[in-house]
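Number of protein chains: 2
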Amino acid sequence: MKIVVDAFGGDNAPEEIVKGAVGALLADGGIDLVLTGKEDVIKKILSELNFSPDRIEIVNAPSVITNDDVPTAAIRSKTDSSLVAGLDYLKKNNADAFVSAGSTGAVLTGAALKIGRIENVTRPALAPLLPCVDGSKILLIDCGANVDCRPEMLLQFGVMGDAYMRAIGVKNPRVALLNNGAEEKKGCELTKAAHALLKESVLNFVGNMEARDIMSGGADVLVADGFHGNIALKASEGTALSILKLLKDAITGGGIAAKLGGALIKKSLKSMKSKIDYTESGGALFVGVSKVVVKAHGSAKAGTIRAAVLQANEAAKAGLVEKIGEAMKDGGR
Amino acid sequence: MKIVVDAFGGDNAPEEIVKGAVGALLADGGIDLVLTGKEDVIKKILSELNFSPDRIEIVNAPSVITNDDVPTAAIRSKTDSSLVAGLDYLKKNNADAFVSAGSTGAVLTGAALKIGRIENVTRPALAPLLPCVDGSKILLIDCGANVDCRPEMLLQFGVMGDAYMRAIGVKNPRVALLNNGAEEKKGCELTKAAHALLKESVLNFVGNMEARDIMSGGADVLVADGFHGNIALKASEGTALSILKLLKDAITGGGIAAKLGGALIKKSLKSMKSKIDYTESGGALFVGVSKVVVKAHGSAKAGTIRAAVLQANEAAKAGLVEKIGEAMKDGGR
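Residue numbers (numbering that gives the first Met the number 0), protein chains in the order written: chain A, 0 to 332; chain B, 0 to 332.
One should not assume that every hint holds.
It does not matter which identical chain is used: a pair holds within one copy or between any two.
Claimed, not checked - Calculated cross-link-like contacts (lysine-lysine; reagent style DSS-like; alpha-carbon spacing at most 25 Å):
id: 1; residue 1: 185; residue 2: 247
id: 2; residue 1: 42; residue 2: 18
id: 3; residue 1: 274; residue 2: 247
id: 4; residue 1: 77; residue 2: 184
id: 5; residue 1: 185; residue 2: 77
id: 6; residue 1: 247; residue 2: 265
id: 7; residue 1: 258; residue 2: 272
id: 8; residue 1: 77; residue 2: 90
id: 9; residue 1: 18; residue 2: 274
id: 10; residue 1: 274; residue 2: 258
id: 11; residue 1: 42; residue 2: 328
id: 12; residue 1: 91; residue 2: 316
id: 13; residue 1: 198; residue 2: 300
id: 14; residue 1: 136; residue 2: 300
id: 15; residue 1: 37; residue 2: 328
By construction, these hints were calculated from the structure, which means they are not laboratory data.
Assemble the whole structure, with the sequences as input and the hints as a guide.
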């Protein structure tokens with residue numbers, strides 16, 4: 000599998016990105032790695048890592064698209080950016096997947112414009128794998144690429160999410176719909192209509208799911224309008240960070256016993272933190288475009304990038320794009 | 000202040016409800032307490048608490064509305080229920096506030112039907128006070144009473160939320176709008192239109208707020224469509240519970256050091272838990288009806304009910320209903 004990595008996208012680029020991509024290569028020698036960005040800088044980082052540049056193809060791209068750029072304009076004008084160079088390479092040189100930790104807007108806009116949609120897909124969706132308390136994962140689709148969705152789009156998200164989970168080995172994935180109540184009659188206009196479509200579909204639809212149950216392990220795919228999914232994802236993220244901060248404050252501000260206790264549970268805490276840290280699962284798949292595209296968190300460090308590259312590799316090897324194309328032929332009906 | 004409490008609403012009714020209401024009375028002797036429900040059972044609980052029934056008015060109401068009842072039908076048919084008896088008392092006997100931990104749908108439907116709206120209010124909204132990491136509180140309005148809101152309704156939620164926070168002593172409350180991005184141009188059709196209205200209003204509007212920042216302390220009022228607010232609230236609740244469970248598992252399953260550490264930080268953990276437990280703030284205010292109505296969490300125990308009764312007392316004493324009526328005269332424009 001040939002995987003293109005945007006070495007200059009993200010808060011910790013380029014050092015952590017290059018390091019993570021090399022880490023993936025060391026974990027799976029079958030990967031052909033392409034890095035885009037400033038060639039001299041990338042070569043310097045590789046030499047610091049004592050890694051031979053011969054095993055990696057470098058595409059020189061001197062400019063960078065940042066979060067301050069307007070996505071559509073930047074994709075059109077900054078053709079020499081690491082992001083556009085990566086997407087162009089993906090399209091023209093028959094690579095299999097693309098990974099970037101750059102501006103979400105620019106990655107999604109760029110992928111949609113340059114790579115295009117799979118046949119019958121109305122709108123691609125951004126789908127992270129979230130951790131559940133029982134150790135399983137749930138795919139939240141969509142978490143922000145599309146707001147003001149139509150019910151048919153939510154059905155398509157279900158079909159694509161189902162195809163992805165099957166591709167990574169989940170048998171007969173349980174598909175749920177994010178809603179303000181578990182009962183069938185509950186919901187806003189959009190979710191009521193989407194519920195009816197999902198219920199009639201060929202999917203293993205298990206009904207509505209409330210936001211409090213996302214991490215419960217009760218479903219494998221959670222279908223949502225991008226606005227709803229975004230709120231659920233960010234509320235969870237914010238709460239998790241706030242609790243861990245409060246926990247730290249409680250331990251450091253709680254006297255000698257608490258400090259000693261904190262030291263004793265440090266290892267357990269760390270393993271717990273890694274369980275709920277969804278960035279350790281890699282990134283969010285941009286499902287529905289004609290190549291595998293993975294958007295890693297903007298704050299991704301080497302470990303996340305490594306996981307994202309391996310995730311992209313796995314999806315490409317599993318033939319995800321072809322499988323979605325097949326599933327979308329009849330759109331789940 | 001005369002406060003009516005539905006003694007038979009909620010998972011832990013009637014014992015915990017009666018106990019909590021009595022607790023509020025002991026904390027503030029100025030409260031006139033009315034309990035609705037099975038008179039003999041209430042009297043028995045009071046006698047077990049060694050509390051004289053003379054200080055409390057009891058309205059006998061033998062039946063109960065449960066979560067399985069269809070709200071509108073139950074409000075109309077179960078006129079001898081503790082909930083309907085409470086709302087009827089509130090309306091006819093010039094009481095000041097009502098507290099119930101019963102079925103959310105039935106409490107909201109009942110209050111809207113029996114008590115009615117404040118003039119110029121299109122739709123009342125359910126508004127809990129949520130804890131922030133800096134010790135402040137943020138009022139989330141609406142958290143589920145209204146889905147598919149119109150932009151004008153969100154402006155009204157802002158006006159009512161502002162009036163409530165002023166009534167409980169917050170100066171010049173900062174009003175934010177729950178959105179999928181902080182930038183002004185971000186959002187779904189509803190939030191974009193609501194943003195424009197809030198920006199033009201007399202409120203101290205501080206812009207869009209992402210769900211990850213709810214607990215940050217960056218605003219005093221968070222305006223949301225009930226569907227969006229519901230997802231944010233429940234995602235936070237679910238994440239908090241999941242993390243505390245994982246933390247417990249990590250400690251109990253982590254060997255002797257972790258167990259000892261867990262014992263040593265127990266006190267700090269408990270104080271942290273009480274900080275993030277929004278049920279300790281009382282309940283969610285049903286803002287926009289012509290009396291103070293507080294919906295306590297269905298799982299409320301005595302402590303939460305006590306806080307909810309004191310919260311209702313405070314809101315009634317502050318003249319919340321009159322203040323909202325005043326603010327709604329020009330609807331924030």
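Do the hints match the structure? See the list:
When the C-alpha separation of residue 185 and residue 247 is checked against a cutoff of 25 Å, the pair qualifies neither within a copy, at 39 Å, nor between copies, at 33 Å. Taking the closest pair of Cα atoms, residue 42 and residue 18 come within 25 Å of each other only inside a single copy of the chain (12 Å); across copies the shortest separation is 71 Å, beyond that limit. In this assembly of identical chains, residue 274 and residue 247 lie within 25 Å of each other by CA distance both inside one copy and across copies; the values are 18 Å within and 14 Å between. Only between protomers do residue 77 and residue 184 lie at most 25 Å apart by alpha-carbon distance; the minimum there is 23 Å, versus 49 Å within a single protomer.
Only between protomers do residue 185 and residue 77 lie at most 25 Å apart by alpha-carbon distance; the minimum there is 23 Å, versus 46 Å within a single protomer. Within a single copy, residue 247 and residue 265 get their C-alpha atoms as close as 10 Å, and across copies as close as 13 Å, so both meet the 25 Å cut-off. Proximity of residue 258 and residue 272 under a CA criterion of 25 Å is satisfied in both settings, with 19 Å inside one chain copy and 18 Å between copies. Proximity of residue 77 to residue 90 under the C-alpha cut-off of 25 Å is restricted to the intra-copy arrangement: shortest distance 17 Å within a copy versus 66 Å between copies.
Taking the shortest alpha-carbon separations for residue 18 and residue 274, only the intra-copy value of 22 Å comes in at or below 25 Å, while the best inter-copy value is 40 Å. Taking the shortest alpha-carbon separations for residue 274 and residue 258, both the intra-copy value of 23 Å and the inter-copy value of 19 Å come in at or below 25 Å. For a Cα distance limit of 25 Å, the shortest separation of residue 42 from residue 328 qualifies neither inside one copy, at 44 Å, nor across copies, at 67 Å. In this homomeric assembly, residue 91 and residue 316 come within 25 Å of each other (Cα to Cα) only inside a single copy, at 19 Å, whereas the closest approach across copies is 71 Å.
For a Cα distance limit of 25 Å, the shortest separation of residue 198 from residue 300 qualifies neither inside one copy, at 40 Å, nor across copies, at 38 Å. For the homomeric pair residue 136 and residue 300, the shortest alpha-carbon distance inside one copy (21 Å) is at most 25 Å, but the shortest distance between copies (34 Å) is not. In this homomeric assembly, residue 37 and residue 328 never come within 25 Å of each other (Cα to Cα): the closest approach is 41 Å inside a single copy and 61 Å across copies.
The earlier numbered hints that this structure contradicts are 1, 11, 13 and 15.
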